[in-house]
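Asker: The lines below spell out each chain.
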Amino acid sequence: MLKEKKELENLASYCIDASTKLATTNCAVKVKNVISETVNLRNKKIENSERSDILSINITTYINKKKSSTQFTYIDKENTNLMIEKCVESTKLLPDNKFNSLPNKKLLAKNFEDLLLFDATTISNEKKLEYLKEVEDAALSNKLISQTNGSSFKQSKSNFIVANSDGLLSGYKKSEFSSFTDLVAKKNGSGMERDYYYDSKAYLKDIIKAKDLGNNAAKLAIRKLNPKKTKTESIPIIFEKRISKNILGILSSAISGSSFARGSSFLKKKMNNQIFPKSINIIDDPLIKKSIYSMPFDKEGVESKKIYLVKNGILENIILDSYYAKMLNKESNGRASGLSNAFFVPGNKSYKDLFDCGKKLILITDIMGAFGNATTGEFSCGATGVYYEKDFSYPINNFTLGGKIENIFNNIILADDLEFKYSKNCPTALVTEGLVVGGY
Amino acid sequence: MNDFFKKTDLTRSVAEKIIDETLLNKDDGELYLQNSINENIILDDGKIKNTNFTKTYGMGFRGVSEDVTAYCHTNSIDKSSLVDASKNIKSTLRSFKSYKHNNSIRRTNEKLYSDHNPIGAKSLKEKINLLNTVDKYLRSKSNLIKQVTASISTEKKNIEIIKTGGLTLSDSQPLTSFKISLIMKKGAKNTQGSYATGGRLTFDSYVNENNWKHVCDEAFRQAEMNLDARKAPAGEMDVVLNNGWSGVLLHEALGHTLEGDFLYKKTSVFHDQIGNKIGNENITVVDEGNISGRRGSLNMDDEGEKTQRNVLIENGKLIKFMHDRLSAKLTKNIPTGNGRRENYMFAPMPRMTNTFMMNGKSTREEMIKSVKKGIYVDALGGGSVDIVSGQFNFTVNNAWLIENGRLIMPIEGATLIGSGPEVIKKIEMIGNDLKLDNGFGTCGKSGQLVPVGLGIPSCKVLMTVGGTKT
Numbered sequence: 342m343l344k345e346k347k348e349l350e351n352l353a354s355y356c357i358d359a360s361t362k363l364a365t366t367n368c369a370v371k372v373k374n375v376i377s378e379t380v381n382l383r384n385k386k387i388e389n390s391e392r393s394d395i396l397s398i399n400i401t402t403y404i405n406k407k408k409s410s411t412q413f414t415y416i417d418k419e420n421t422n423l424m425i426e427k428c429v430e431s432t433k434l435l436p437d438n439k440f441n442s443l444p445n446k447k448l449l450a451k452n453f454e455d456l457l458l459f460d461a462t463t464i465s466n467e468k469k470l471e472y473l474k475e476v477e478d479a480a481l482s483n484k485l486i487s488q489t490n491g492s493s494f495k496q497s498k499s500n501f502i503v504a505n506s507d508g509l510l511s512g513y514k515k516s517e518f519s520s521f522t523d524l525v526a527k528k529n530g531s532g533m534e535r536d537y538y539y540d541s542k543a544y545l546k547d548i549i550k551a552k553d554l555g556n557n558a559a560k561l562a563i564r565k566l567n568p569k570k571t572k573t574e575s576i577p578i579i580f581e582k583r584i585s586k587n588i589l590g591i592l593s594s595a596i597s598g599s600s601f602a603r604g605s606s607f608l609k610k611k612m613n614n615q616i617f618p619k620s621i622n623i624i625d626d627p628l629i630k631k632s633i634y635s636m637p638f639d640k641e642g643v644e645s646k647k648i649y650l651v652k653n654g655i656l657e658n659i660i661l662d663s664y665y666a667k668m669l670n671k672e673s674n675g676r677a678s679g680l681s682n683a684f685f686v687p688g689n690k691s692y693k694d695l696f697d698c699g700k701k702l703i704l705i706t707d708i709m710g711a712f713g714n715a716t717t718g719e720f721s722c723g724a725t726g727v728y729y730e731k732d733f734s735y736p737i738n739n740f741t742l743g744g745k746i747e748n749i750f751n752n753i754i755l756a757d758d759l760e761f762k763y764s765k766n767c768p769t770a771l772v773t774e775g776l777v778v779g780g781y
Numbered sequence: 120m121n122d123f124f125k126k127t128d129l130t131r132s133v134a135e136k137i138i139d140e141t142l143l144n145k146d147d148g149e150l151y152l153q154n155s156i157n158e159n160i161i162l163d164d165g166k167i168k169n170t171n172f173t174k175t176y177g178m179g180f181r182g183v184s185e186d187v188t189a190y191c192h193t194n195s196i197d198k199s200s201l202v203d204a205s206k207n208i209k210s211t212l213r214s215f216k217s218y219k220h221n222n223s224i225r226r227t228n229e230k231l232y233s234d235h236n237p238i239g240a241k242s243l244k245e246k247i248n249l250l251n252t253v254d255k256y257l258r259s260k261s262n263l264i265k266q267v268t269a270s271i272s273t274e275k276k277n278i279e280i281i282k283t284g285g286l287t288l289s290d291s292q293p294l295t296s297f298k299i300s301l302i303m304k305k306g307a308k309n310t311q312g313s314y315a316t317g318g319r320l321t322f323d324s325y326v327n328e329n330n331w332k333h334v335c336d337e338a339f340r341q342a343e344m345n346l347d348a349r350k351a352p353a354g355e356m357d358v359v360l361n362n363g364w365s366g367v368l369l370h371e372a373l374g375h376t377l378e379g380d381f382l383y384k385k386t387s388v389f390h391d392q393i394g395n396k397i398g399n400e401n402i403t404v405v406d407e408g409n410i411s412g413r414r415g416s417l418n419m420d421d422e423g424e425k426t427q428r429n430v431l432i433e434n435g436k437l438i439k440f441m442h443d444r445l446s447a448k449l450t451k452n453i454p455t456g457n458g459r460r461e462n463y464m465f466a467p468m469p470r471m472t473n474t475f476m477m478n479g480k481s482t483r484e485e486m487i488k489s490v491k492k493g494i495y496v497d498a499l500g501g502g503s504v505d506i507v508s509g510q511f512n513f514t515v516n517n518a519w520l521i522e523n524g525r526l527i528m529p530i531e532g533a534t535l536i537g538s539g540p541e542v543i544k545k546i547e548m549i550g551n552d553l554k555l556d557n558g559f560g561t562c563g564k565s566g567q568l569v570p571v572g573l574g575i576p577s578c579k580v581l582m583t584v585g586g587t588k589t
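So the sequences go chain by chain: L and E.
Numbered according to this note's numbering, the first sequence spans residues 342 to 781.
Numbered according to this note's numbering, the second sequence spans residues 120 to 589.
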């Protein structure tokens, strides 16, 4: 059974009291209980089942500007006291760091709206298996799918409390249902290829239909069969949605408070400057209902609000928690837990329109490795895709994609097909120039 | 030695009874108990930002019937949790009527590391002072250094495995790690360098003045070299890899595809190649979990099996895969001591330990001399692999352009890609300078991170380089 609010609150309050008794000036606590149940199927046969029940405590103690933290899962009074004592002892030994503090009290979330993040429904392991069998039946009905590499269904429910010695004591329940399948495609005379599809929702009834999950993954794996190699050239690139989201990923690394405060971002001097074409707007909205990435407040308890990261191509906001906000002489914007539902506002071209941009181009369907380096601003990764030339197209793999991240930002054109699936979302994106494909 | 049953309503004899009752009519399984402590101190931006002390405590109960695994884990080691886990396992595996219970384990008394606690080797104050000294030392090297991050991480992991019949195995695994990363800035250009050292020997074996200075010097050398680096070329060309950490290429391109779970699932590109020649006859690849003190070494794996030297590829011929007990059983092999897990929250699976290639005959100078146009990789970054298609990729931290047998200039922004089965055929020269890495490898698989070691002699191989210069 998921631990109830009161029990977690009592644990949190106990930790705060215990640390206050040891002469700390401030203290922050997070108590979290997560229970998950997963079933894995492979080739229509159950492969494993897993059940997890974890209660953990995370404590940060402050003595003026000194700070230390501890985490533990061995939760009885004796060990909790021991861990707090150990943490306070460490805190005493540390040098002062003037940026250490609890968040500004004024910013803490007080009355927050219910974002509908918890579905009390449970799905039994038998029902999970039924769903997965349907997924694999659909997938394996595609002749070119030779076997499955595993399909899983996970139900996870959590409850947590964040508290601090300034009176913060808040928390809420969350649920997440996720399904996943990974398939192997094989064609005579060709090697094996694999691809996957997944879905993850706060409410069980919103999860993708089993058949669709299987068929979507099958299409992706089959599309990769009989790949050709490609030559080294500079060519327009279209990123599929599941790859284009990485453009927002690399932006978020480059505009994190830490990379700005520490001077390690290639965008460090670009605050309030044009970093994208004027047509580009990027928003982070933590308050979208029923999204598994939503949060009424961040892990420090600071209220979350919708903000523009980029407006009309100009960098307006970066990702701030209390520590780095202080270093940069700003206020936290409630993003100690990072971005929640970040997205590019969609463009006005259709998916099909993007393909009319030139005589030839490459659609990127998968990448390997990091999507760029936020310190150097360089971009280089391994890729898989489809080559489009005049009236025909063929799969390609084993090539690299390189350039400067700036080149992607400056030459981006977005389709109108945005959907919310990840914590960072982008429509299909065309990068007209500035990227080099490395092949033979 | 840890007593997991000291402060709980669960006694050892009751636990053993529940284990017997749950597992006797299953093929395999065990109760895995863990109590670890980890201390992490990070200096960043000239300040100690935080110190962090983590205690990981809990148990994982596993039952296996044929190829099906039921696994339950919890942070509460008590009677009701174990009873719940037992019910859950029995329910998942209820349809299996016949069984062949096997609780035999290959054991050893060999100790690859002493039972010391690296966390207590120095006081917190001493460690903080050291990090400050390190920061000062690095920043005095150049005023182009804009940022230094230095960290000391120490861990002591105590595990106990209880199988049926009260068969109990335990180990206590120390681990120390010292890391540096830095950023340099010249004009509008940022460059990075990073290096580390560590392993299972005593704290002082890694963090002594000689060693930490060496780690700093190497991180600085990497960052400084890239200040004047030019764009890397793109296309297929000869690549000369330096010895040591470049073994990460072997780990990704070949190692993962030789893990036993991909053999019984028939998803490895090499699943039907055992006994076949897959590379040139100078290539011998070994995974060895019982090298004294190395980061990837273990006295026993996370199923209690002794670790050992496994020759995977011998003179170009594929000899064997790495197995845990499940993949060994399903493929009619003997466990190879490669059943590992990150912690009690995970069931074990086949993983690498210390993976390396044996020496060849060439020298690195000969390799470079033989290249008309290519690159010399001085410091590889990390990489990943798709085991089904065999495709892999790596970032290159530092490299030189080679033209007509000579190193011309540093280049940056390169990625190396290829496919395992192709690359092993394209290794043209192997050096006589095998070196193991400095002890900082961490391998991720299915969401589980484990410390690993790797190594390789210098090698010359034809590969695709992804740069930005056409």
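Source of the hints: derived by calculation from the structure; they are not laboratory data.
Hints are supplied without guarantee of correctness; some may be wrong.
Selected chain E positions facing chain L (Cβ under 10 angstroms, derived; list incomplete) [claimed, not checked]:
#1 Phe172
#2 Lys174
#3 Asn194
#4 Lys244
#5 Ser259
#6 Gly524
Ideal Cβ placement from N, Cα and C applies to all residues, glycine included.
Asker: Compare the structure with each hint and give your call.
Answerer: Now the hints, each set against the structure:
| no. | hint | result |
| --- | --- | --- |
| 1 | Phe172 | holds (4 angstroms) |
| 2 | Lys174 | holds (4 angstroms) |
| 3 | Asn194 | holds (4 angstroms) |
| 4 | Lys244 | holds (5 angstroms) |
| 5 | Ser259 | violated (19 angstroms) |
| 6 | Gly524 | violated (23 angstroms) |
Checked against the numbered hints given earlier, this structure breaks hints 5, 6; the rest are met.
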